[in-house]
Amino acid sequence: MTATAAAERAKSMIGEGPVVVAEHVVQEFRVARRGSLRLATVSAVADVSFRIEPGKTLAVVGETGSGKTTLARTLLGAPPLKSGRLLVQGLDVGRGRAAARNRGRLVQMIFQDPSSALDPTWSVERIVGEPLRPLRLGGEERRRRIVDALARVGLDYELHGRRRPSELSGGQQQRVAIARALVSRPALVVADEPVTALDAATQSQVVELLAELQRDFGLTYLLIAHDLSVVQLLADNVATMYLGKFCEEAPTEALFGAPAHPYTAALLSAIPSFTPDERPRIRLLGEPPSPIDPPSGCRFRTRCAFAKEVCARIEPVKRELEPDHYVACHFPLDENGVPRTDEPDPESLGISR
Amino acid sequence: MSGTEDAMSKPLVRVEDLTVRVIGRDGPPILDRVSFTVEQGRMTALVGESGAGKSMTTKAVLGVLDERIFTTSGTIEVDGRDVGSMRARARRRFTSSVAALVFQNPTRALNPTMRVGPQIAEAMRFSASGAHLSEREARAKAIDLMKQVGIAAPEERFYAFPHQMSGGMKQRAVIAIALSMNPKVLFCDEPTSSLDVTTQALIMDLLEELRQRLGIGILFITHDLVLAASRADDVLVLHSGRVVERMPVAGVFSEAAMPYTRDLIARVPGVEPPADPNRPAAQLPLRVVDRAAACSYVGDCIYRQEICAERVPPLAPLGPDHAARCWFPVGHPPLAEPSGALVTEGSAT
Amino acid sequence: MSAVKTPTLPTPSQRSPRTRAIPLRREGPARMWWYRLRRYRRPGIIIPGAILLLIVLFSFLGPIVLNSPKPGTGDLSDYMLPPGSPGHLLGTNAFGNDTLSQLMYGGQTTLIVAVCATALGLVAGTALGMIAGYYQRIAGPVIMRVLDVIFAFPDIILAIAIAAYLGPSMVNAIWAIGFFSVAGFGRIARAQALRVVHMDFVVAARSSGSSALRILVTHVWPNIAGRVFAYGLVAFGYAMMAEAALSYLGLGVPLPTPSWGNIIGTNQAYISTAPQLLYLPALCMFATIACANLFSDAIQEKRAAE
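Residue numbers (this note's numbering), protein chains in the order written: chain S, 1 to 353; chain E, 1 to 349; chain U, 1 to 306.
A portion of the hints provided could be inaccurate.
Reference excerpt, derived from the structure (chain S facing chain U, CB under 10 angstroms, subset only) [as the list claims (entries may be wrong)]:
id : residue
1  : Ala46
2  : Arg105
3  : Val107
4  : Met109
5  : Ser116
6  : Glu130
7  : Gly138
8  : Arg180
No wet-lab data here; the hints were simulated from the structure. It should be emphasised that the depicted structure is a prediction, and the values quoted were computed from it without experimental measurement. Every residue, glycine too, gets a C-beta built ideally from N, C-alpha and C.
With the hints as extra help, turn the sequences into a complete structure.
Spelled out as structure tokens, the structure:
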């Protein structure tokens with residue numbers, strides 16, 4: 001499919017509904033704990049819901065322990081979600097054999113570390129061709145697609161096809177990973193910190209490549225990142241995640257310009273800047289709690305500078321503050337970074353514990 | 001200058017013309033005439049990419065470079081004493097009583113098989129320049145230090161193992177160990193690179209507080225120019241072993257004169273690079289005959305001219321506290337003609 | 001300050017070309033293999049390798065080249081000739097068999113037994129180990145406990161027990177020795193498989209729809225093969241010693257087929273009169289096992305250095 005044809009197709013899909021629908025996705029693990037015989041449950045992703053429209057990028061931003069990587073892998077089925085619903089192009093990609101088959105066709109992932117994302121004993125050609133297996137293409141068509149995918153990411157099949165990953169630079173390896181993610185024309189590409197492991201100069205090149213490919217092919221991305229600068233360049237919508245829950249979800253400019261959730265505000269204010277006085281500094285209190293035993297009510301309350309008594313009792317539910325701007329907080333901030341005073345009573349909105 | 005002024009303005013660390021070479025290897029030295037100072041209560045940032053020589057500088061100042069591989073020359077003064085001429089053991093004893101290190105990866109800096117509290121107390125009890133406190137005294141002091149660095153519930157955390165602590169907490173513990181020797185200066189080598197941005201902000205706040213409360217001077221090494229610009233007092237930009245710019249942090253964004261520094265600024269996403277005044281157009285590929293005699297940035301500089309490949313620009317003063325190593329500093333009169341004639345003869349090296 | 005002409009400032013397209021990597025030449029596949037082979041040209045690899053090769057050639061081609069008598073065809077009248085006797089370079093044994101020919105044919109037997117037993121252990125052990133590494137919840141622990149049972153026995157004892165049960169023969173010796181080799185390979189294969197199974201490319205393959213078998217064969221095995229073979233050389237040494245022990249006890253290769261082990265075993269009584277009957281086969285075994293181990297070490301060093 002040529003670039004323009006694919007873009008046309010993507011554009012035609014707009015209005016047909018979102019490409020990705022996630023509803024109440026839950027992911028948990030059982031782990032052994034010192035001093036206890038019973039297994040504890042790590043609540044890595046707790047009731048996450050979102051939608052992604054065709055051709056758009058949703059960025060999920062969070063720090064270590066937020067569950068964003070687990071969320072990405074859950075979308076990939078590694079392991080599949082414990083409960084909830086996950087649909088891509090209307091087809092189930094949650095649990096079960098049929099879902100696994102759908103996933104193979106519809107969802108691809110770009111991993112963070114190119115050195116472990118590519119099999120060092122495989123040639124580039126073979127790596128890029130692997131997702132094509134379930135499609136059962138003829139040899140000629142398969143080769144054509146591989147050549148095309150490599151060309152799209154700026155690599156040459158003749159020069160690089162027979163090479164092993166160890167013979168390529170980090171940036172080139174990541175391009176191979178991107179080519180592999182694209183070659184089967186997936187409906188959703190999950191990019192897990194795609195540039196974190198690269199040096200600064202290469203980072204901008206790869207980010208530009210991802211943006212270009214999205215424009216040309218109408219790809220839909222779920223971007224996982226902790227580096228907000230990458231998010232700014234690629235994302236249409238951003239969601240911040242803390243301890244397994246979405247705190248806030250909004251279009252990029254709205255989130256960066258007027259964050260409503262205290263965690264988002266703290267995150268943004270912690271970024272070093274040449275002009276540090278512009279943003280009011282919101283500090284996080286204390287230490288990150290453990291996902292085995294998350295705080296009652298709002299999971300963020302132990303570190304929130306604005307937490308009130310009700311935040312421990314009632315868990316805030318996601319609501320639409322402004323069009324397309326969702327927050328899960330009892331006392332969201334206004335444009336000045338101060339909790340609003342005109343908020344409805346949390347008792348009527350949240351979930352009591 | 002009066003005596004008291006002298007005492008107050010005496011830098012904690014003074015390095016002049018520090019040059020480190022690999023024995024037996026020709027070509028440009030690993031560090032080339034690096035000079036800087038760290039003052040009391042101030043943070044001096046050393047900014048450079050990997051391979052620029054940042055860690056090498058710390059190791060040279062502390063005297064831990066293997067003398068069979070590296071030769072060091074230049075003046076190194078710590079707390080007024082010339083450490084370069086001291087013998088190894090005396091030097092280590094002296095520097096460890098005055099300076100302390102904070103490394104990038106707190107997990108590797110802590111002994112995983114030992115509880116955290118005793119690690120903090122260890123130096124106070126057993127080190128050569130320590131106070132040889134008793135176990136109880138050391139424990140009390142360690143808990144106090146943990147409180148000072150912001151570790152919650154220090155009495156319980158004293159007995160925790162490193163793997164039971166978060167990254168930020170581990171780094172605080174490392175800083176507590178550093179503080180246990182009452183240092184006057186801290187050498188921090190990328191202390192926040194492995195931490196989340198919110199934790200990074202908290203650790204930087206802690207360093208700021210230590211500076212103000214205890215008057216500690218900090219040499220802060222990082223690859224992140226923005227981080228340095230947002231927290232430090234002075235910044236030195238290192239490239240391939242040479243200091244290419246030195247300036248107070250306040251003007252970095254708008255007044256950086258060396259093209260490498262400006263490139264670093266331009267790379268920060270979401271930042272509009274400052275406007276470029278008229279510059280001579282770059283010549284296309286230059287062959288560098290002798291790398292030691294050429295500007296270290298000549299391979300990538302968009303403004304390079306013939307002279308840049310032939311002579312190392314001097315670190316010329318451009319204003320109070322501002323110096324840049326470039327023949328054509330941005331926003332300032334050029335120091336040379338593109339073809340090679342020097343405009344001002346006899347500039348400082 | 002002299003006037004420096006300042007022409008228009010450079011547009012982004014005039015930015016200096018960054019250093020580009022040297023363009024890769026298009027190489028044929030044969031040449032690529034030659035380049036990769038050339039990297040093994042270290043003395044630590046070449047010397048033991050060459051000696052091993054010599055030993056193999058000695059055992060298999062020697063009889064043809066030197067036209068040696070077949071084993072068991074000795075003339076009793078040539079009883080216990082000393083080395084240097086005409087027609088018998090190294091002398092003869094109590095049955096009149098030429099010692100040199102015994103060594104060569106013995107080498108064939110011992111090498112074949114050791115290689116086959118090791119191969120058996122490698123195939124079975126690696127398969128079990130990879131499965132144990134991939135299915136870590138149930139199959140893994142079960143397999144490892146079974147292997148632990150095998151491990152618990154001192155290897156030689158186990159081989160002896162099996163050989164005693166099956167009766168002395170070359171094939172039975174291979175089974176017996178192979179059996180206890182499985183455990184060692186199983187451990188190595190599982191440990192390596194665990195390392196690989198967590199890598200992102202396995203996650204990617206799984207999500208692309210590859211079956212477990214496909215992943216094990218195409219992804220896991222190629223990434224562990226190196227270390228498995230390195231261990232294989234060491235296991236080969238163990239197998240040789242096990243064969244020698246079995247044959248020495250009479251449970252291994254039965255006469256008249258010679259093997260280095262049973263040559264030693266049958267000539268014990270002559271240790272003071274004709275010691276060469278004992279130390280020559282021992283020397284051959286030592287050389288082979290030592291070179292196998294040195295070769296394995298050198299290869300691992302080479303891989304670690306890269």
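When the hints from earlier in the document are held up against this structure, which numbers fail? Failing hints, ascending: 1, 7.
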